[in-house]
Amino acid sequence: MREALLLTEHLTMQFGGVVAVDDLNIKIPTGEITALIGPNGAGKTTAFNVITGGYQPTCGRVIFDGQIIAENHPRSKMKKIYSGTYTEPSTQTVVHTPDQITRLGMARTFQNIRLFKDLSVFENVLIAKHCHIKASLFGSTFRLNRAEERAMRAESEALLDRVGLLSSANEKSSSLPYGKQRRLEIARALATGPRLLLLDEPAAGMNPKETDELSAFIVEIKEAFGLTIFLIEHHMNLVMDISDSIYVLDYGKTIAYGTPAEIQNNERVIQAYLGVDES
Amino acid sequence: MKKKISKPTIYSLGALALFVAFLYWLDANRLTQGMVISVLQKGAILALVATSMNLLNGFTGLFSLGQAGFMSIGAYTTAILIIPVKNLDGVYYMNGVHPAIKALRVVMAQAPPFMQTIFPFVALLLGATIAALVALVVGLAVLRLKSDYLAIATLGLSEIVRSIFSSPQFDQITNGSYGLNKIPNFPPMFFGLIPSLITPFIITGVCVAFIVLLINSSYGRAFKAIREDEIAAEAMGISLYKHKEMSFVISSFFSAIAGGMLAMYMRSIEAKTFSITLTYDILLIVVIGGIGSVTGSVVSAFLVTAAKEWWLRFFDQPLSLFGFEVPLFRTGFRMVIFSILLMIVVLIYRKGLFGTNEFSWTWLTSKKARRKP
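Chains as they are written, first to last, in my numbering: chain A, 1 to 279; chain B, 1 to 373.
No false leads were slipped in.
Straight line, CA to CA, 20 Å or less: simulated PhoX-like cross-link-like pairs of lysine-lysine:
| id | chain 1 | residue 1 | chain 2 | residue 2 |
| --- | --- | --- | --- | --- |
| 1 | A | K172 | B | K351 |
| 2 | A | K180 | A | K117 |
| 3 | B | K351 | A | K117 |
| 4 | B | K182 | B | K102 |
| 5 | B | K86 | B | K102 |
| 6 | B | K242 | A | K134 |
| 7 | A | K222 | A | K180 |
| 8 | A | K253 | A | K27 |
| 9 | A | K209 | A | K180 |
Hints listed in this document are in silico derivations from the structure and should not be mistaken for laboratory results.
Using the sequences and the hints, build the whole thing.
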């Protein structure tokens with residue numbers, strides 16, 4: 001197995017008494033496509049939110065490219081409530097906000113599309129370039145960073161061309177058809193220059209033809225930008241087609257891990273999806 | 001490489017030249033045109049504070065109602081630093097002036113005349129800087145709040161600032177509830193090359209130009225992203241805290257400059273001037289102009305001021321038709337008409353006069369581009 005770009009150790013996320021993610025240990029090898037599947041409410045999106053800094057984990061840690069980006073091991077009273085199955089001694093607490101994590105090279109898309117609706121397609125991508133800006137507020141206001149600004153615009157244009165949205169660059173992003181909005185969201189995430197791309201149900205609401213196009217698109221950008229991809233998806237065709245390995249979550253717990261072929265024949269996975277035969 | 005000047009640019013420059021010529025004409029006839037001058041000057045001041053409020057509310061999506069507080073910081077700082085030394089004792093006749101202020105003012109008065117001409121602008125900048133610092137510190141706490149909660153917190157801040165200025169403990173500095181008067185009018189600029197009447201227009205012009213440049217820069221785009229969707233903006237690597245703080249500080253800075261100008265315009269200020277109603281007046285201008293449109297705020301600042309102070313004066317005079325005295329026409333009736341007009345405007349233009357669009361000549365000339373609100 002290749003070196004892991006993203007690691008989670010004993011990752012637990014509890015909301016009061018609800019354990020949304022329970023002792024999640026995943027390894028995402030560099031340059032591969034890893035999928036996270038599971039029935040509705042299994043805690044997949046919560047896991048994403050913890051990894052990208054939206055929530056602070058109640059226990060466990062996230063390591064991205066050798067750097068700890070989130071770590072929390074509850075102490076004293078909290079330990080009893082929130083440490084899950086983790087029994088080792090409490091250590092440091094590390095917190096990164098989502099924007100810091102994005103600047104480290106991890107970008108994401110959202111399950112329910114979150115584009116900047118009133119802004120143009122081009123602006124949506126251009127804004128994502130802002131996170132690596134070098135000019136100060138005043139430098140940027142007085143246009144002292146012309147070269148940087150020009151480079152940002154050129155790169156955004158090239159990116160839009162690459163994903164096939166250049167022709168609608170000046171349209172309002174909310175006026176795009178659904179499939180293209182999904183594509184724009186991926187383009188916007190790519191504009192932040194990530195090494196790891198997290199896709200939260202990229203094919204949600206798509207018809208089979210659009211889903212096939214999306215599969216090809218994901219593989220294409222993975223090769224073109226040298227990405228590692230971690231995705232949540234319900235379309236099993238897409239998952240089985242493009243994933244190198246799959247994690248299956250149910251009620252916050254990891255119930256299976258393996259290659260697509262292994263997962264397809266895993267008894268517990270079939271039970272989680274179809275229910276147990278009680279007769 | 002020679003750049004071709006486009007038609008809209010020519011129109012804009014022409015309109016600007018006409019406006020400047022008009023201002024010079026007003027300056028020559030300032031004795032007979034008092035009403036026009038005062039309406040335009042007040043319009044210019046409100047245009048600046050409305051634009052700064054729009055930067056925060058319309059472009060960054062932070063619903064803040066603290067404008068009057070920051071204006072008062074600018075107004076008081078400016079006033080204390082520019083009331084002529086010989087009038088100081090007269091102004092603070094009840095409580096006496098604080099020795100430190102007196103000493104500072106005496107030192108300032110001994111500066112060469114060349115420095116004297118710059119002091120009013122230094123005072124404006126100092127007031128704005130203090131307001132910006134206050135915003136920086138307060139922002140650490142209140143910018144964690146969202147929407148209505150932020151509005152209430154900033155409203156509270158504005159009231160706190162007002163009560164501090166009117167409190168007896170600060171009598172020797174702010175003259176408590178008596179307020180400050182004998183504030184000199186606008187100073188001329190560039191050693192008298194530009195008459196004092198035009199000064200507020202130039203200050204507003206420069207400040208609004210800065211805000212427009214900021215909005216169109218990369219940071220301005222980041223502000224808009226926060227307005228559109230905070231979670232997505234943060235996921236795109238935009239630090240919410242940093243950018244909100246920037247917008248808040250800059251908006252407060254320019255509000256304070258407008259506050260300082262208001263002190264020069266009104267010649268006397270008191271804490272009551274900067275009560276909540278002032279913020280509401282500005283909010284009204286922003287909403288009428290269009291939340292998210294700078295030109296909207298500027299145009300609506302002039303329109304609202306002119307309607308309120310000038311065009312509707314007619315309703316305040318007694319009117320007799322065919323020997324019959326119309327009962328409603330008396331002092332104060334103009335505000336009733338003004339409020340009704342406002343309701344009509346808001347009903348017709350749901351998103352304000354400009355919506356989120358900016359004024360452009362093509363927009364004015366082609367009916368096709370004109371979108372129904």
